[in-house]
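Peer 1: From first to last, the protein sequence lines are chains Y and R.
For the first sequence, my numbering gives the first residue as 51, with consecutive numbering after it.
For the second sequence, my numbering gives the first residue as 18, with consecutive numbering after it.
In short, the hints are calculated from the structure, not lab data.
By construction, the Cβ of each residue, glycine as well, lies at the ideal position given by its N, Cα and C atoms.
Take these hints with a grain of salt, some might be off.
[To be verified] Here are the in silico distance ranges between beta carbons for each label pair:
| hint | chain 1 | residue 1 | chain 2 | residue 2 | range |
| --- | --- | --- | --- | --- | --- |
| 1 | Y | R94 | R | S56 | 17 to 23 angstroms |
| 2 | Y | S132 | R | L73 | 44 to 50 angstroms |
| 3 | R | Q59 | Y | E72 | 15 to 21 angstroms |
| 4 | R | S56 | Y | K63 | 24 to 30 angstroms |
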Amino acid sequence: DVKVTQSSRYLVKRTGEKVFLECVQDMDHENMFWYRQDPGLGLRLIYFSYDVKMKEKGDIPEGYSVSREKKERFSLILESASTNQTSMYLCASSALTGAGSQGYTFGSGTRLTVV
Amino acid sequence: AQSVTQPDIHITVSEGASLELRCNYSYGATPYLFWYVQSPGQGLQLLLKYFSGDTLVQGIKGFEAEFKRSQSSFNLRKPSVHWSDAAEYFCAVGRTGTASKLTFGTGTRLQVTL
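All chains should be modelled from the sequences, with the hints used to inform the complete structure.
Peer 2: This is the structure in structure tokens:
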């Protein structure tokens, strides 16, 4: 069964810490995405990547960065965590030209709490 | 730019009753449309998708959806709801192209009463 795996289900971090959220997919997908999910706001795109070392900003990139050194791994980095970054973070992947017709495969999510 | 509206934030139905969740989209061409379901604390799972052909599509778990171009809608239906269907449901629209992105609605939370 194909999978998108997020390394942590729950994380608690302190304000100002540098936080790494890891996502790995085993489907050889070109596209990978990071979303955050908040009640009443749905899913908001933070960053996405369509190739190794390539990245593009989504709708809410401020306070985040990403890294994609290998095709299967896409990392989200909170440079200096703040309480307003407390949220559920979802990683997803899709084939290069298939996102429009095949949709995404999602990971199980990481619930991050910044205290 | 594409957009998706799910007008119902929260819906409650009795077990065994029928269900319809509404989704309206805005997109200049024929869209690719999706419904996802999210159980509490989980990621999103694809229920069904439409990208061409028959406008009535069948999905997993007994769900179906109908694409109506004239109404810009893609409503999700189920004839008889089970308690295990309680979850949050997201409609999404996509398009072709490199690194094409899906745009999601804000979701509808379904509660099922016994």
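Peer 1: Confirm or reject each hint.
Peer 2: Verification of the supplied hints:
Distance hint for R94/Y and S56/R: a CB-CB separation of about 20 angstroms, consistent with the stated range 17 to 23 angstroms. A beta carbon spacing of about 46 angstroms between S132/Y and L73/R agrees with the range 44 to 50 angstroms that was offered as a hint. Range check, Q59/R to E72/Y: about 18 angstroms between beta-carbon atoms, so the 15 to 21 angstroms window is met. Here the CB-CB span from S56/R to K63/Y is close to 26 angstroms, well matched to the stated 24 to 30 angstroms.
Taken one by one, the earlier hints all hold for this structure without exception.
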